[in-house]
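Colleague: Below, each chain spelled out in residue letters.
2 protein chains.
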Amino acid sequence: MWVKVRVGESLSELAREAAARTRTISERLHRHALVTPLTGWAAATEETGTEILLKCEHQQKTGSFKVRGALAKLLSLSDEQRGRGVVAASTGNHGLGVAHALSALGGKGFVCVPEHASPVKVAAIRRYGVEVRVLGADPLETENQARLLAAEAGMSYVSPYNDLDVIAGQGTVGEEIVEQLDGRDRPVDTVVVAVGGGGLISGIGASIKAVLPGVRLVGASPVNDAAMAASVRAGEVTRVDALPTISDGTAGGIEEGSITLPLCAELVDEWVLVTEPEIHSALRFMIDTQHQLIEGAAAMAIAAALKTSRGSGGGATVVVSCGANISSAALAEALLSAHLGGESHRSVRDN
Amino acid sequence: MWVKVRVGESLSELAREAAARTRTISERLHRHALVTPLTGWAAATEETGTEILLKCEHQQKTGSFKVRGALAKLLSLSDEQRGRGVVAASTGNHGLGVAHALSALGGKGFVCVPEHASPVKVAAIRRYGVEVRVLGADPLETENQARLLAAEAGMSYVSPYNDLDVIAGQGTVGEEIVEQLDGRDRPVDTVVVAVGGGGLISGIGASIKAVLPGVRLVGASPVNDAAMAASVRAGEVTRVDALPTISDGTAGGIEEGSITLPLCAELVDEWVLVTEPEIHSALRFMIDTQHQLIEGAAAMAIAAALKTSRGSGGGATVVVSCGANISSAALAEALLSAHLGGESHRSVRDN
Chain A
9 MWVKVRVGES LSELAREAAA RTRTISERLH RHALVTPLTG WAAATEETGT EILLKCEHQQ
69 KTGSFKVRGA LAKLLSLSDE QRGRGVVAAS TGNHGLGVAH ALSALGGKGF VCVPEHASPV
129 KVAAIRRYGV EVRVLGADPL ETENQARLLA AEAGMSYVSP YNDLDVIAGQ GTVGEEIVEQ
189 LDGRDRPVDT VVVAVGGGGL ISGIGASIKA VLPGVRLVGA SPVNDAAMAA SVRAGEVTRV
249 DALPTISDGT AGGIEEGSIT LPLCAELVDE WVLVTEPEIH SALRFMIDTQ HQLIEGAAAM
309 AIAAALKTSR GSGGGATVVV SCGANISSAA LAEALLSAHL GGESHRSVRD N
Chain B
9 MWVKVRVGES LSELAREAAA RTRTISERLH RHALVTPLTG WAAATEETGT EILLKCEHQQ
69 KTGSFKVRGA LAKLLSLSDE QRGRGVVAAS TGNHGLGVAH ALSALGGKGF VCVPEHASPV
129 KVAAIRRYGV EVRVLGADPL ETENQARLLA AEAGMSYVSP YNDLDVIAGQ GTVGEEIVEQ
189 LDGRDRPVDT VVVAVGGGGL ISGIGASIKA VLPGVRLVGA SPVNDAAMAA SVRAGEVTRV
249 DALPTISDGT AGGIEEGSIT LPLCAELVDE WVLVTEPEIH SALRFMIDTQ HQLIEGAAAM
309 AIAAALKTSR GSGGGATVVV SCGANISSAA LAEALLSAHL GGESHRSVRD N
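Line order of the protein sequences matches chains A and B. 9 is the number of the first residue of the first sequence in my numbering; add one for each residue after it. 9 is the number of the first residue of the second sequence in my numbering; add one for each residue after it.
No false leads were slipped in.
Dumping the calculated EDC-like pairs for lysine to aspartate or glutamate here, alpha-carbon to alpha-carbon at most 20 Å: (1) B:K129 x A:E54; (2) B:K315 x B:D277; (3) B:K129 x A:E55.
Source of the hints: derived by calculation from the structure; they are not laboratory data. Treat the numbers as computed from the prediction; the structure is a model and nothing was measured.
Could you build the full structure based on these sequences and the hints that come with them?
Modeller: Have a look at this one:
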């Protein structure tokens, strides 16, 4: 299993292309994004009986991996495209990522947010010196109008996940993991990654499996909102009746024709779905033993890693702790729920 | 104000000695402790109208500055003293610091904890491979018995604050701040530091004022437990009727004859006492805008920095965010209080 090969011969052309773009973009991307630490987590290792390693992407600039995809996309544009500018729609980590990328690379563009978006989140995007446009009544309408606006103005729309360059940017997480594991005596069996639109796991899966084809890639999603797992199972983009989840970063449906669907179908070896109480408990465990703040999506991936590793008796598990951007309100509610040991009693959805 | 001088001519001999030991120990200490970042905090700068810089000691190894003092103490011992070993009493940051120092430097020794100490905290100390001894029914008894035991065995007792080498170790935080500020155009007026026993502010004050004598050093303590502020006011070690505080890292009385009393009396220019709701609110503000976890003592210092900087119209303020070791229970309680209370910076719905 622990044999390095230069090219993932068994990978599809799409996955090979993603991994190739990751290698191409990596050096320029790292001028504006951190190589985040891969650290041991003694308490989780004790708890599960399997060595658990944390890829600390919650320490990334902007507090999330999304900045990697945004940087990769902007870096992939021609001078002419850059001159016309970029448009993104998001009040969350993707919006912050695009704002940071624009600020770092000096490009033209703006971030669209829905009416009634949280002023705290809008202020966070504005602090990068990037224009914020209020557009549409809800996130879906904002996205549709932003795409339309981009098309009309000849600007590039930056998708949060359905774009091979964005996927290649997220793939630099996988590339770093491979480098950080280099020289270890004991093999890493499993890599666990949060899945929403599937951009992160597609990028990481392609870049890791191009080098370490035997690694088991686990996709983690909330039981309450697992559109990609359902779509992979069905073999086509599938709508699910989503319930609220503290893993807001992975919430939402998959758009028709998403290239992440074939990538996930190919690359993900196993799906682990976790309940809200499991996510709350993982968040609490991280705070009590590592004293680091993580967001719902990261706690969700960690909950899945703890679940799949407990008593597995195998080699080490790497879990990607993908972000830190949680509101104090959602955090308080989750911790309260973890302490009370019951189901969360009200929604913690982003507003 | 912003003039560097080689030696703080106006400093007492004790303060000069502390600063000298800081310079002596610094290089060896940094083989086992991080130079933590000094970062801008845009949201706090907006909120106060004064530039706020965070010294991110909550990102230090063991999650707290205490590791510096422990390393400095161990490094100051002769080979013979090291051979006989060290004893510390603490279930908190000091215990972790001594455990890390012993593990890093390979010394002999153990950490004493009271009966009924939190198993989570005891496990955290044990993870450094250091022996933990259960001794005494409460922290004061543990400390007294540990001292006795050390004296009988000819071992060195490592005080959490009443020791010039420990103080010199904490002083490396001040030395780093001076180096990190070097080359800035705009002056730094104020440095805000949490005060319990006074070891951190004594070390930082001595090392900063040796180079930048004009900096205003602000001591921060909770209204509920401010023994050093009361002692400095009284000119002698003074007991206070302490109330509970989330700033557990600064809680407790000052022992008779503490060298931190004359150092604080000399070096601290101003005392700012903060209420529990102000601390909860600062913790919430940090989480909502920086998405980093800090402990009560760090939130306490930040609350004082926000209070003293608001509308001051002066140069920048550096606040030492001294640690991250908060339990999820204390965190949940503080955030709940911040959301329910009237002292919040932003409304709950904004998050």
